[in-house]
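J.: Sequence:
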Amino acid sequence: MTNTRERPARSRNERFETGRADRRPSPLAQEGARRAAGNLDAAVSTLAALVAFPTVAAPPAPNVQLAAFRRLKEYLSRLSDDWDFDVEDHGAAVVIGLGRAQDRLGILTHGDVQPADRERWRGDPFSLDATSEPGRLIGRGVEDDKASISTALHAMRTVSRIGVPLRRRIELIVSMTEESDWTPFREFVRGWDPPALNVALDAKYPVVTAEKGTGGIFLTVPPDPPVRPRPARRGARLVSFTGGEARTRVPAAAVAVIENAGLELAAELRAAADPSCGVTFALESEGDVLTVRARGAAAHSSTPWEGRNAVTHLAALLARRDWPPTPASRMLQLVVDLVGTGDLAERFGDLACAHPFMGPLTLVLTRLYPCDDGGIEACLNLRCPAGRSREQVEVQVREAVEAWTARRGRAAPGWRLTMGDPYYLESAPHVPVLVDVYRHYTGQHDAGPVAVGGGTQARLLPNGVNFGPSMPGAAYTGHSDHEFVTVEQLRLNLMMQAAMLVELAAG
Numbered sequence: 001m002t003n004t005r006e007r008p009a010r011s012r013n014e015r016f017e018t019g020r021a022d023r024r025p026s027p028l029a030q031e032g033a034r035r036a037a038g039n040l041d042a043a044v045s046t047l048a049a050l051v052a053f054p055t056v057a058a059p060p061a062p063n064v065q066l067a068a069f070r071r072l073k074e075y076l077s078r079l080s081d082d083w084d085f086d087v088e089d090h091g092a093a094v095v096i097g098l099g100r101a102q103d104r105l106g107i108l109t110h111g112d113v114q115p116a117d118r119e120r121w122r123g124d125p126f127s128l129d130a131t132s133e134p135g136r137l138i139g140r141g142v143e144d145d146k147a148s149i150s151t152a153l154h155a156m157r158t159v160s161r162i163g164v165p166l167r168r169r170i171e172l173i174v175s176m177t178e179e180s181d182w183t184p185f186r187e188f189v190r191g192w193d194p195p196a197l198n199v200a201l202d203a204k205y206p207v208v209t210a211e212k213g214t215g216g217i218f219l220t221v222p223p224d225p226p227v228r229p230r231p232a233r234r235g236a237r238l239v240s241f242t243g244g245e246a247r248t249r250v251p252a253a254a255v256a257v258i259e260n261a262g263l264e265l266a267a268e269l270r271a272a273a274d275p276s277c278g279v280t281f282a283l284e285s286e287g288d289v290l291t292v293r294a295r296g297a298a299a300h301s302s303t304p305w306e307g308r309n310a311v312t313h314l315a316a317l318l319a320r321r322d323w324p325p326t327p328a329s330r331m332l333q334l335v336v337d338l339v340g341t342g343d344l345a346e347r348f349g350d351l352a353c354a355h356p357f358m359g360p361l362t363l364v365l366t367r368l369y370p371c372d373d374g375g376i377e378a379c380l381n382l383r384c385p386a387g388r389s390r391e392q393v394e395v396q397v398r399e400a401v402e403a404w405t406a407r408r409g410r411a412a413p414g415w416r417l418t419m420g421d422p423y424y425l426e427s428a429p430h431v432p433v434l435v436d437v438y439r440h441y442t443g444q445h446d447a448g449p450v451a452v453g454g455g456t457q458a459r460l461l462p463n464g465v466n467f468g469p470s471m472p473g474a475a476y477t478g479h480s481d482h483e484f485v486t487v488e489q490l491r492l493n494l495m496m497q498a499a500m501l502v503e504l505a506a507g
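Per our numbering, the very first residue in the sequence shown carries number 1; after that it's consecutive.
Hints were generated in silico from the structure; no laboratory data involved. On a predicted model such as this, the values are computed, not experimentally measured, just so you know. We put the CB at the ideal spot given by N, CA and C, even for glycine. There is no bait here: all hints are sound.
Beta-carbon label-pair distances, calculated as ranges: (1) G409 <-> S127: 51 to 61 Å; (2) D86 <-> E119: 36 to 46 Å; (3) P429 <-> A406: 47 to 57 Å; (4) V289 <-> R320: 12 to 22 Å; (5) P429 <-> D86: 21 to 31 Å; (6) P134 <-> P324: 51 to 61 Å; (7) P115 <-> A272: 27 to 37 Å; (8) A196 <-> P370: 44 to 54 Å.
Model the full structure from these sequences, guided by the hints.
T.: Here is the structure:
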């Protein structure tokens, strides 16, 4: 069944005093915002240059050793020199500075991006498309997070040009390892002296002060024994079931391969497919082999309701039939029983929970892939709010898997858990300022701090919060095959970031 629930409501965080609803940024901040908006075309040009670097992780090589990352750093260095910013290359991050004050303000972005399957993009994902859809800028990284690098640089340049007296030095931190392994960035922060106040541009507005703990539940079905008696009769067998590309993305594609498939099976599956589920199915027969391809819609796994999960909906379609035992059919049963087509862990034992501010736990099947030994592993992306410890989650996962094994009478699947702690900022002096800036430029006078399911590197810095770049209520496209930012949103981000820099660095 299609998951038709609305996006979970996120209540305002009442711990922060955000002042009067009509409080405005200073005249100097408003002037900075106005001047920054005049640099919109230049910011688009900078964004185009940034998108052209295909800064995608390619393990086992570290990102900093990849040519695209080296070229990105060279570009940032040249731009900084041209604009009289100082720049330091710390390997896992580049720090671009403005001003000489002892107090510092950190602005956090990242230069690495999600993989992009060129076959699923209408154009080249690494060439900014500013024409095919008027008013939109399309390309990998435009929302996550290269537009933030561009707008931050141009906001800093505006502050420099209008001669704002800086009480705090501004440091733009460009992480090179946000979308993959955070270890290099953590090591960088440990060996560096980070600013006391930090604002990341990697989530949403108004101001993000809480993030769920992120991690994964990995379920593994073992391979068939080396010697296995042939079945007494030849029937349809599910021999392969795969889908998804990234641990943090709702999978847009999934594929199942069925051997010994008769014509009646293809007709049966076609008739059973539900066109209202938001996932389409294509069936291809070659001899007695039937391939079933599911096409859904990608989304960030922290907002799974914005996508359509091709893997889980393909599982629901295939589960209408009983399959002979194979690793693929055992994984199919595991997915149907413990995951279903929802994303709130409703079927996973007692794992489901919710927090009044941070919202519900989400559990999203993001990847299904073969193991080297012939088994199959499923990656379930986990986003856990405050109130549930790792130890509690581990117990609940174990109990759910054991209960499934007893109920189905099959060999127990392997499992492992990774989980970080939730991030829940109790207080921060710059939050009221950020809320005031947002209220002024959007007219949303009741706006306040929010929580998100995504995990960002803001949590690794002192007083780290997120200020945009995405608007509340707008579908997030950052991990999709149609990533875009509107020109109007880019202009608004420029204005709010310039005003924010003036208020926090000069105020």
